[in-house]
Amino acid sequence: MITTVASKALPVDEELKIQKNRIEPENDTGSKKRISVVTGIHGDELEGQYVCFELIRRIKEQKENLKGIVDIYPAMNPLGIDSITRGIPAFEMDMNRLFPGDIEGNMTEYLAARIMEDLTGSEVVLDIHASNIYLTEIPQIRVNAVHEEQLIPLAKEANVDFVWVHGASTVLESTLAYSLNSIGTPTLVVEMGVGMRITKSYGDQMVDGIFNLMKKLGIWEGKTAAVRQPIISRNPKDVAYLNAATGGLFVPAVRHGAQLKEGELIGRIINPLSGGVRDEVRAPMDGMLFTIREYPIVDEGSLVGRLLRTL
Amino acid sequence: MKKNTIYEIQGLYRDNFRVTGYEFGEGEEAVCIVGSMRGNEVQQLYCCSRLVKKLKGMEEEGKLTPGKKILVIPCVNPYSVNIQKRFWTVDNTDINRMFPGYDLGETTQRIADGVFRVISAYRFGIQFTSFYMPGEFMPHVRMMDSGLEDTELAKQFGMPYVVLRKVRPYDTTTLNYNWQIWETQAFSMYTNTTTRIDRKSAKEAERGILTFLHKQGIAQYHGHDGYLSQIVKDVDMVSVRTGKAGLFEPAVSVGEEVGRGRILARIIDTYEGEVIEELTAPVDGIVFFMHGEPLTYADTAVFKLVVREE
Ligand SMILES: [Zn+2]
Numbered sequence: 001m002i003t004t005v006a007s008k009a010l011p012v013d014e015e016l017k018i019q020k021n022r023i024e025p026e027n028d029t030g031s032k033k034r035i036s037v038v039t040g041i042h043g044d045e046l047e048g049q050y051v052c053f054e055l056i057r058r059i060k061e062q063k064e065n066l067k068g069i070v071d072i073y074p075a076m077n078p079l080g081i082d083s084i085t086r087g088i089p090a091f092e093m094d095m096n097r098l099f100p101g102d103i104e105g106n107m108t109e110y111l112a113a114r115i116m117e118d119l120t121g122s123e124v125v126l127d128i129h130a131s132n133i134y135l136t137e138i139p140q141i142r143v144n145a146v147h148e149e150q151l152i153p154l155a156k157e158a159n160v161d162f163v164w165v166h167g168a169s170t171v172l173e174s175t176l177a178y179s180l181n182s183i184g185t186p187t188l189v190v191e192m193g194v195g196m197r198i199t200k201s202y203g204d205q206m207v208d209g210i211f212n213l214m215k216k217l218g219i220w221e222g223k224t225a226a227v228r229q230p231i232i233s234r235n236p237k238d239v240a241y242l243n244a245a246t247g248g249l250f251v252p253a254v255r256h257g258a259q260l261k262e263g264e265l266i267g268r269i270i271n272p273l274s275g276g277v278r279d280e281v282r283a284p285m286d287g288m289l290f291t292i293r294e295y296p297i298v299d300e301g302s303l304v305g306r307l308l309r310t311l
Numbered sequence: 001m002k003k004n005t006i007y008e009i010q011g012l013y014r015d016n017f018r019v020t021g022y023e024f025g026e027g028e029e030a031v032c033i034v035g036s037m038r039g040n041e042v043q044q045l046y047c048c049s050r051l052v053k054k055l056k057g058m059e060e061e062g063k064l065t066p067g068k069k070i071l072v073i074p075c076v077n078p079y080s081v082n083i084q085k086r087f088w089t090v091d092n093t094d095i096n097r098m099f100p101g102y103d104l105g106e107t108t109q110r111i112a113d114g115v116f117r118v119i120s121a122y123r124f125g126i127q128f129t130s131f132y133m134p135g136e137f138m139p140h141v142r143m144m145d146s147g148l149e150d151t152e153l154a155k156q157f158g159m160p161y162v163v164l165r166k167v168r169p170y171d172t173t174t175l176n177y178n179w180q181i182w183e184t185q186a187f188s189m190y191t192n193t194t195t196r197i198d199r200k201s202a203k204e205a206e207r208g209i210l211t212f213l214h215k216q217g218i219a220q221y222h223g224h225d226g227y228l229s230q231i232v233k234d235v236d237m238v239s240v241r242t243g244k245a246g247l248f249e250p251a252v253s254v255g256e257e258v259g260r261g262r263i264l265a266r267i268i269d270t271y272e273g274e275v276i277e278e279l280t281a282p283v284d285g286i287v288f289f290m291h292g293e294p295l296t297y298a299d300t301a302v303f304k305l306v307v308r309e310e
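Protein chains in written order, with the numbering used here: chain A, 1 to 311; chain B, 1 to 310.
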């Protein structure tokens, strides 16, 4: 059943609505266990759109196997999705810096607070992101070190290739995931693919992961595919950031996910005006390239890739 | 006066990105003044350009105290100003959310680092800045309420108000906050506007800064002393919010004294022209901030009032 989680009137003849689709078992099982899938907080990230579609389609195919509640929120930031805007248009504000929100606050804070209220109490929430328009990521889950204990067991069931435990930072305290985790609703942040695109194979991989999670939580009784064992990285020293030494156009020599030897060429930064190569980006250690630059224009400092050390 | 390049990045098809500083005097790093950091901060740029001109004249007249160095950086982000885009050209990040910066990080982290390395050495830091919501302010000096601030110092600007801002998580990456952490006394200077020039409040800010320099023995300036500043905490200001979205028709102006119950603005239906909401003053006070756009969303704080002291 599609319902409205929060709504506000806009100035000219339009209602802003955040909607969700709740799927429940045909016959009431008495279980109130619930999994929530959330995406579209960043309006330019679309990978989660396909995940929502495919998840609903596959549940409906075998509805008899559903034993709990599945809540799907495909568009947390509808105005952003419609206008290819990362943040909330007009407010120039990153929606993922507004949580837990404020029911008495301005429009954006109110929406954030209503979303929090609605998600609270889920067995698990998946917040699906798609990196940004500049970088492509292999399917991964990012975990704030302060919530590591509760989240790693769940992250292992989600069929991702990589779980990245990162350090705490004050700025990240205003994300949806941090806010929900702080009040005891486990929330996994998925990053996969690239902004403005849909990578179907990643979407299918993620849907398999969600079914597996549902099975572990007793929400699904149908068949599920075996899930991948993710690499779990806790030590910041195992991740190398590759920042452009100079501006230009980045032309990759390998694909993301590649296993690289130290010194191997990752890509070149070229100058189309002079025909020269401004810099060569090489692997600083043996490792797996889990992030690579998708958008070719780089400035000095722009991230062109991230490498996870081979242990 | 010496003109220096403080930070530079090689461009591809554009001229190099340069942050330029104007240095007056030598010796102790006394005061640093920073202008626009976002591409729409034109008033902030204008205020700094006035100060550069003024300080150049004062230096020639021997009115700057020897042994004290003044640095003015009119613009930390010429690339964005030149294309009239608020944030960084390629990745849309905000330099004022990148402090103290990181020399091996992303572009705007590198810019923040390159600039902060130079300016963190100063005893006083003054930044012309803008509010995240479009609107008009009473000119004021703002400090972070971090426990490290000295409000008596802020009064020396002689601006009508000194506002203490409660620190929020996202403030920890701003220049003002990091200046304070690195033991610079940091002030944010707010004039009336951002995207358009307001000469009156620019002049007032200029007078305020020169008065401050005079009181600190950094320069000789004999303008009028300005106001006896009133100190206000931002959390003590009274916000007036819209209940409905529509056309915003103000009935008062910034700086005006209003009595409780006075109509501040009307919200008009965008199709039918009817008044759908009247916003009234909940207290006796002074209009400190007013929304600056013709349209408003619902639940928007369109006014902030300073409660009138008895
Ligand atoms: Zn995102």
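The set of hints was computed from the structure by calculation and includes no laboratory data. Incorrect hints may have been included.
The list that follows gives simulated cross-link-like pairs (lysine-lysine, DSSO-like), each with its CA atoms no further than 30 angstroms apart [stated by the list, open to error]: (1) K8/A / K53/B; (2) K53/B / K155/B; (3) K8/A / K203/B; (4) K244/B / K17/A; (5) K261/A / K215/A; (6) K203/B / K166/B; (7) K8/A / K155/B.
Violated hints, by number in ascending order, as checked against the structure: 1, 3, 5 and 7
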